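Number of protein chains: 4
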Amino acid sequence: MVIVVLKPGSTEEDVDKVVELAKKFGFDVNLSKGAEKTIVGIIGDSVYERRGAFESLNCVEEVIAVLKPFKLVSREFHPQDTIVDIDGIKIGGKHFEFFAGPCAVESMEQMENEAKFLSSLGVKILRGGAFKPRTSPYSFQGLGIRGLEILKEVANRYGMKVISEMVAAEDFDVFEKYVDIIQVGARNMQNFRLLEKLGKSGKPIFLKRGFMSTVEEWLLAAEYLFHHGNDKIILCERGIRTFEKYTRNTLDISAVPLVKILSHLPIVVDLSHSTGRRDLIPPLAKAVVAVGANGAMVEVHPDPEKALSDGQQSLNFQEFEKTYKTSMKIYKMLGVKA
Amino acid sequence: MVIVVLKPGSTEEDVDKVVELAKKFGFDVNLSKGAEKTIVGIIGDSVYERRGAFESLNCVEEVIAVLKPFKLVSREFHPQDTIVDIDGIKIGGKHFEFFAGPCAVESMEQMENEAKFLSSLGVKILRGGAFKPRTSPYSFQGLGIRGLEILKEVANRYGMKVISEMVAAEDFDVFEKYVDIIQVGARNMQNFRLLEKLGKSGKPIFLKRGFMSTVEEWLLAAEYLFHHGNDKIILCERGIRTFEKYTRNTLDISAVPLVKILSHLPIVVDLSHSTGRRDLIPPLAKAVVAVGANGAMVEVHPDPEKALSDGQQSLNFQEFEKTYKTSMKIYKMLGVKA
Amino acid sequence: MVIVVLKPGSTEEDVDKVVELAKKFGFDVNLSKGAEKTIVGIIGDSVYERRGAFESLNCVEEVIAVLKPFKLVSREFHPQDTIVDIDGIKIGGKHFEFFAGPCAVESMEQMENEAKFLSSLGVKILRGGAFKPRTSPYSFQGLGIRGLEILKEVANRYGMKVISEMVAAEDFDVFEKYVDIIQVGARNMQNFRLLEKLGKSGKPIFLKRGFMSTVEEWLLAAEYLFHHGNDKIILCERGIRTFEKYTRNTLDISAVPLVKILSHLPIVVDLSHSTGRRDLIPPLAKAVVAVGANGAMVEVHPDPEKALSDGQQSLNFQEFEKTYKTSMKIYKMLGVKA
Amino acid sequence: MVIVVLKPGSTEEDVDKVVELAKKFGFDVNLSKGAEKTIVGIIGDSVYERRGAFESLNCVEEVIAVLKPFKLVSREFHPQDTIVDIDGIKIGGKHFEFFAGPCAVESMEQMENEAKFLSSLGVKILRGGAFKPRTSPYSFQGLGIRGLEILKEVANRYGMKVISEMVAAEDFDVFEKYVDIIQVGARNMQNFRLLEKLGKSGKPIFLKRGFMSTVEEWLLAAEYLFHHGNDKIILCERGIRTFEKYTRNTLDISAVPLVKILSHLPIVVDLSHSTGRRDLIPPLAKAVVAVGANGAMVEVHPDPEKALSDGQQSLNFQEFEKTYKTSMKIYKMLGVKA
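Chains as they are written, first to last, in our numbering: chain P, 1 to 338; chain C, 1 to 338; chain X, 1 to 338; chain S, 1 to 338.
No lab work stands behind these hints: they were computed from the structure. Possibly wrong hints are sitting among the right ones.
The list cannot tell twin chains apart, which means a pair is met if one copy fits it or any two copies do.
Stated by the list, open to error - No more than 30 Å apart at the CA atoms, straight line, and that leaves these computed lysine-lysine pairs for BS3-like:
| hint | residue 1 | residue 2 |
| --- | --- | --- |
| 1 | 37 | 68 |
| 2 | 306 | 37 |
| 3 | 177 | 152 |
| 4 | 322 | 200 |
| 5 | 322 | 7 |
| 6 | 245 | 37 |
| 7 | 306 | 7 |
All of these numbers come straight from a predicted model, not from anything done at the bench.
All chains, please: the whole structure from these sequences, using the hints.
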């Protein structure tokens, strides 16, 4: 349903114009006249997608969407929590998992080091960037396919699963081969061609919220994936852009319980990008478990001071171990419940 | 210290001009020339306040402040946590307290009801608005002095302390009489005349962050209070304005650990205004305790559906009781530690 | 009129609850049921102010305001342009005026210099701050009453009118004596006590938009003034806060034609605060005249490099003369027409 | 050059650590100690790209970039205005052109209509979307290749050039065949794979600013194109996302003169997307010419009320004619001069 608000001073002919247009599309209408305003409620399938036609009428002041524009990903469509199962590792529902590893895959030795340490703690999913989207063309762009090979080889050795970011539809085959969960980065959340390609695949998708995107736009991006056939979707809040300058982004922690109300999909928080500051990760990790997220992504590096990228937002092994253990303690006490 | 960056193509005379100006103010300088840029580091007392003079020089591209502009409220100035003591109730350090009550004081009966219930749970501080800053002149503006009288009378009966918002310096005498903690609202965070007045008083001040203020501006507002003589300051994060539309504000939860790094002052979170949605309060309360805040403010109403204002962001008694108990459980497990 | 949207799965009882509440307030209702949503249109006086009561109902998902919440300042209420007349100087309608002078009054000599130069060009309104709201307590706070005396004395000598910012209701008497147009600064746009005081006076008010305020909130602040009896209101767009970092604020130039559609009040643009950069003032001045504003405020200083505040956003005499003449040329060609 | 600011209380060893790291990369250093802060200026090629290594050091509080991170697109690198020449149509320098046409290509008849009308006025560049990036998967996605064929055929008939948006690198061949200027949309501004592909081509590129991108990030996106070999770049400001709700975006008009200071590239404004409101286009068109832009893009539709998309931000023929003529009048008077 959408509501068409007419401009003040609209005539009977104006109202007729709106009603006629609605009828032409096969919609039902419901007319309501106040002392100051006339509104027309318009009811029918795809009325949201047709709202532009009404907005274009000269007599119309505003068209208000009453129904949320996403469907398949909504809680109303599917009341139970979706649980994405990756060979027995469960994301969603009452489960909580860490996604940890370095910002970028740098070498076999580094990854070996990481996987050994992380798996010994109990972490099951190993992250690492191989194709890096970088704001400047002069920054380190990642090892590419070689990075994915290293990631997979090491993960196999330690019984871990692999997540890595894919930036273009044309790379799908290599990601299908090496990667267990395909990450769509914040800058690509509205790369619809990429979403279509992944929507037609059977791979679990980790969909980061654009740093400039509303929760509604984010759920519509997930709707693209679902609409094209893929329901293995994990959402990831990673901080939004605001006016605050002491942090790179502002973690929108309310998005976690909000998404749980609006949608059945699992939701995870990226602790590193959310603020861009290493010193805020430990307290925020506690908040993220307590608020009811299904997991946390965090950048961990054997020696953050020597990382080729993002060292300032990576934990070292000792820091991560402490954060991991505290998080698990809270999870055991509270469970996952929004 | 500030750093003056000269425009590309600056001459020796330009550099001399900057150095001369610095010398005139009695500052020390440190010159540094790269292949592409010349910068001048300027060192001395009040150099931050004088930066405008350098910005005005035609040869200057940018002036960068290296030192944070707040002093008395900084952790560097005062490494230990400040604890504000209100007749034995301690805000700050390892302590956690709830500030609860209705958005607006509506009647003696309502407040009696509230105080009885809240004090029975263990809540020690009763909130209630009497002078309400409202966006529209047509909205309910509060009971005024009568509201404060009711608040105080009821609080006394149940051994509670009172917090209420003051919107103008001229109201100070009546607030001094009836109120234990004076709240400065988000819209008045940069009402410097009000800050001056309160800075000269001995009353504990609850300073809300402006919804479009940076953490730096917020700490500078606290600096006004401290500078004028009042160090009993409690900071309150209450959500900032962003582009997200499903919530009224976006809770900037990172501000809690960030403020604890930058400042020695206690910090509390307003759970009701942070998002404007009742259904998000219970999960966010858990996050706020876990992240290490010193307290939480929340609107509680015996019958939110009948509240004269802000009912949509108030908990009823049953909801609050559950939130209170879960919060205390987490507090007992984790303590207050950023 | 407001529209109450019920949550999915709402029952007949829920609908009755909404209807009953509406009836209790004396409002009319209009019910509309779609396949997925039920909505109730609610019609009547002050329904906007009562919307909170509906938002608080558990069965309600959202309350949408159809009618704009401001009245007296709206174009619908008063179709003709308001023209504020200051002893024959007209602000509004087809008129365009400059408001020029230094950021802060510094001395008699400086102001004498300014007034002589500006009046010789044809500028009729002299600006200058005497009570300065400053983010840091350590910055120059203005000359106070002495500043206003200087401003008035000099303006009289050159046949100019005076505008200056007032920051607290308690200063009204001195402003009434010395100042022709009282400026409400961006940080005080929602200082409702100040608005009330000025609303009850007969002085022309120059109401700056808060850097964090929507156009709707700004017009509601003007509504406070009008509602309390003062219709001599000049609106001033002065840049809003965004994520962009190369400018201090982002000039929202669309606000000019938008306000002209929504309201009958005159609208002026502050060229200095809009971006905080001197080098952007000349091109933006041209845009502001072309877009149809009723005037432009600009900081002019005999020697910006020696200004006690805001030198980086002040023009010198030569720069201002050029900007003034180009602006007048465009004004002569286009007139003021949104 | 970057400036490394050390944390308060840093030791000699900490300073040594920073200096050592700088030396390891082959950079020069310049040390400066104030009473409160120690800073190290670091000078050398690619120091900006290496700043992360310094940020990761535990003793470092902040790393400040003094030099702007873009190079090839900067005014310093290339002081003269770049003029993009499309078979004799010049974009940049003193030239001003309109880019007009419907949001989406809908049919041969519609485009025939458009091209005939627009070319008769003097418009030389015809726009029309064929591959539409849409927020919802249920919205009209464009005619695809058929749309480009229609666009080209019609443009040829009327001696016009064609601009259309390309959303994925894999579509390049068909765009190379049919399109004269390839548009990169706001959502793809940081689709680096797409930028690389276009950077390696010889086609003129129309690079829209992301709606939540800073001017710096935008110029870095242009740097990608230039770095990969393509210097035929036209920048397009199209409105940014802010908290204001009466307009879909906020036109950042200051970006026009700002870009002209920072860069040698031509800059155009998209009048339709900037605010999303048809009624604001005519006044804003005047501002855009006056401020010194090199052109304006605008959606024009024979019958906006029947447009398949974006009708609410399209002008009809009569409205466009008026806007076009007024714009040309201002251009003739003022020329293009920031």
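Hint by hint, here is what the structure shows:
1. 37 - 68: Classified as both: same-chain Cα gap 24 Å, cross-chain 10 Å, threshold 30 Å.
2. 306 - 37: between (64 Å within a copy, 24 Å between copies)
3. 177 - 152: Intra 9 Å, inter 41 Å, cutoff 30 Å: intra-copy only.
4. 322 - 200: neither (40 Å within a copy, 44 Å between copies)
5. 322 - 7: Between copies only: 24 Å across, 60 Å inside.
6. 245 - 37: Classified as between; 20 Å across copies, 43 Å inside a copy.
7. 306 - 7: between (62 Å within a copy, 19 Å between copies)
Taken one by one, the earlier hints fail for this structure only at number 4.
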